[in-house]
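Go ahead and model the full structure; you've got the sequences and the hints to work with.
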Amino acid sequence: MTLLTVQNLALDLPLRGGILSALNPKSRRSLQIFADVSFTLNPGETLGLVGESGSGKTTLARAILGLTPTTHGTIHFDQAQRSTPADFTAMRATTAMMFQDAIASLSPRMTIGALLAEPLTIHGQPAPKTKVAEMLALVGLPPDFANRYPHELSGGQARRVGVARALVLNPKLVIADEPTAGLDVSVQGEILNLMTDLKTRLNLSYLIISHNLAMVRHVSDRIAVMYLGRLVEIGPTRQTFARPLHPYSQSLIASEPLPDPRKRRQDLAIKGEIPSLLNRPKACVFQGRCPHVQPICRTDPPTLREISPARFVRCHFATPTGALS
Amino acid sequence: MTDPLLEIDALSIAYHTDHGRLSALRGASLIARAGEVIGIVGESGCGKSTLAASVINLLPAAAEVTNGAVRYKGQDILSLHPEAQRALRGQDIAMIFQDPMTAFNPVLTMGAQLVDFQHAAQIPRAEKLARARTLLARVGMPDPDLTLRRYPHQLSGGMRQRVAIAAALLMNPTILVADEPTTALDVTMEAQIIHLLRDLRRDYQGAILVITHHLGVVAELCDRVYVMYAGEVVEEALVDDLFHAPLHPYTSALIACDPGHFEQATPILPTIPGRLPDLRNPPIGCSFAPRCPIASEICATPPPRMQISLTQSALCHKAGGRP
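Residue numbers (my numbering), protein chains in the order written: chain A, 1 to 325; chain B, 1001 to 1323.
Rather than coming from a laboratory, the hints here were simulated on the basis of the structure. Among the hints, erroneous ones may be present.
[As the list claims (entries may be wrong)] Here are some chain A residues the structure puts well away from chain B; computed CB gaps all over 12 Å:
#: 1; residue: 72
#: 2; residue: 94
#: 3; residue: 128
#: 4; residue: 133
#: 5; residue: 150
#: 6; residue: 266
#: 7; residue: 271
#: 8; residue: 273
#: 9; residue: 289
#: 10; residue: 292
#: 11; residue: 324
[As the list claims (entries may be wrong)] Covered by chain A, according to a simulated footprint, are these stretches of chain B (three or more residues, beta-carbon under 8 Å):
#: 12; region: 1187-1196
#: 13; region: 1225-1233
#: 14; region: 1249-1262
Backbone N, C-alpha and C fix where the C-beta goes; we use that ideal spot for every residue, glycine too.
So, in structure tokens, the structure goes:
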């Protein structure tokens, strides 16, 4: 029984043109943000979504919660299809989002207590003071923090408030967008350990979005790799890191600097950079940077296929061993 | 050994704030020789950016140098006349800033800015443009001529960081300070910039100072490393010793916390419990003692700098196996 099922989700944004395009609707162009996104999330599972800036991770997360409209595809959450704004409002009472910039996502004029009570008020639930104290205790903050303002918090404390705010409605699913960006490594561990601990205690599911591979690796059961608006690989974390199947996942994992001078990377795993959404390559999105590119990659778009149990990859030449045939 | 190009000698810097005097740097020392890539690593608030700013003397107005000196080729640059300091900046000592998005003027083309950066050079504009073009090619810009005509917003973050590196190299500086040069970049772009910096050092005669919080960047790029904590240099070591035989407990803890350090996934990540001391009122003893797993009574007294080899030392009572 899955908690979240996303099928063929796509988002195109219309591009504003000049007078000519207003007169001739056929010439109106649109910008594809992501397309053909399908995945599932089970109760109690953590899925890590990795990819570079501009790959569409954050927009996808917002679309799943109905914060951004989509142009195609379906979202099922908790056995029900979610398509209308009312569906998504109901869905947001049992899901939560931890936004990227922890301090900026807290209104500077509200106390932490008021910020923690706000989600309850929005969803028409009682918000007693005891609930605020309970949430603060849950994330390991002293009760007097209820009277503080966001600017009085350190980065780590603001994250904890972000976690508390996400959990106050007792969600089944938490989407965490870069939960440790900007934190020192010694504090990063604290936040991740807290999230892991709460996951077991409250039977949560997480969708964790990050570009930090080393971090995602430790907290995710499965990982999904996104490139220019396409999921190019999904699989169990351990197997994916041990033997990535898509050439992009391979170069991404091989690019991460390792904290050991004896393992210096000698060669560049990948050259060039992610193309602009305006210049999306036809067929395979990775063709322009792929070291193994073949003529077919420029003509036929690959589909996401299961090439060994639970491992999905979008590449014409991927094989279960990681070699490219 | 050659004479150091840069010598920071027991430098202490305090900031005057509304809440009192904050000792951001407390007796930090560092040397850099020609051809070296030096890493300065530490977490937020450790003083690494203050240290970097002191090297090119771009300290904020609220900063006061309370002790020590910064010597460039033997000359104390902090006591120089502002005119003379300005002459050093850019020509002898150049900086690559963290955020390639804000390092350039948005309303001028890259060409105009790269020429402008050479205002002190007594050569014709055409030569300045040619030099800019050469350096853009050197840092791997695919089409230097096109880049010269571009505005900053027309380039991606990684490309802008390449141009920033080219800009810093324009005047052929002897010291290049790179403040978090890859923090704003994605993993694949970060790898490319690391490769570029590594490549540059082969034909670059000066010293490169890399300031970062990212241990992976240090391991990939640096020859020698200074680890900072609460305004002090707590350890100095060759990069291999730092990662394989760290002396200071803070260094060990920091390495242990890095999730990139584990081959296998671990359910509980190590952390460093506790927090930085209040630098308005710095402790008399070891500043890491309250968070240190091996601290004892002696750590309440000022720690000595234990030199265990020519290249490695730590500010710790216990370094080198003392009880």
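Hint by hint, here is what the structure shows:
Separation of residue 72(A) from chain B is adequate, the least Cβ-Cβ distance of about 28 Å exceeding the 12 Å criterion. Interface exclusion of residue 94(A) from chain B stands, the closest Cβ pair being 26 Å apart, more than 12 Å. Against chain B, the non-interface label of residue 128(A) holds: every CB pair exceeds 12 Å, the least being about 31 Å. No beta-carbon of chain B comes within 12 Å of the beta-carbon of residue 133(A); the shortest separation is about 23 Å.
Distance check for residue 150(A) against chain B: the nearest CB is about 17 Å away, which clears 12 Å, and the non-interface claim stands. The beta carbon of residue 266(A) sits about 10 Å from the closest Cβ of chain B, which is not more than 12 Å, so the claim that it is off the interface is violated. Non-interface call for residue 271(A) relative to chain B: violated, since the shortest CB-CB distance, roughly 7 Å, does not exceed 12 Å. Non-interface status of residue 273(A) relative to chain B is broken: a Cβ of that chain comes within 12 Å, the nearest being about 5 Å off.
With a least beta-carbon separation of about 9 Å from chain B, residue 289(A) fails to lie farther than 12 Å from that chain, contradicting its non-interface assignment. The non-interface label for residue 292(A) is consistent with chain B: the shortest C-beta to C-beta separation is roughly 16 Å, beyond 12 Å. The beta carbon of residue 324(A) sits about 18 Å from the closest Cβ of chain B, which is more than 12 Å, so the claim that it is off the interface holds. Figure legend: the region 1187-1196 of chain B, annotated as covered by chain A; annotation consistent (8 residues with Cβ-Cβ distances under 8 Å, at least 3 required).
Requiring three or more residues with a Cβ within less than 8 Å of a Cβ of chain A, the coverage given for the region 1225-1233 of chain B is violated, as only 0 such residues are present. Three residues within the 8 Å Cβ limit are the bar, and the region 1249-1262 of chain B against chain A gives 9, so the coverage statement holds.
Violation of the numbered hints given earlier is confined to hints 6, 7, 8, 9, 13; the remaining hints are satisfied by the structure.
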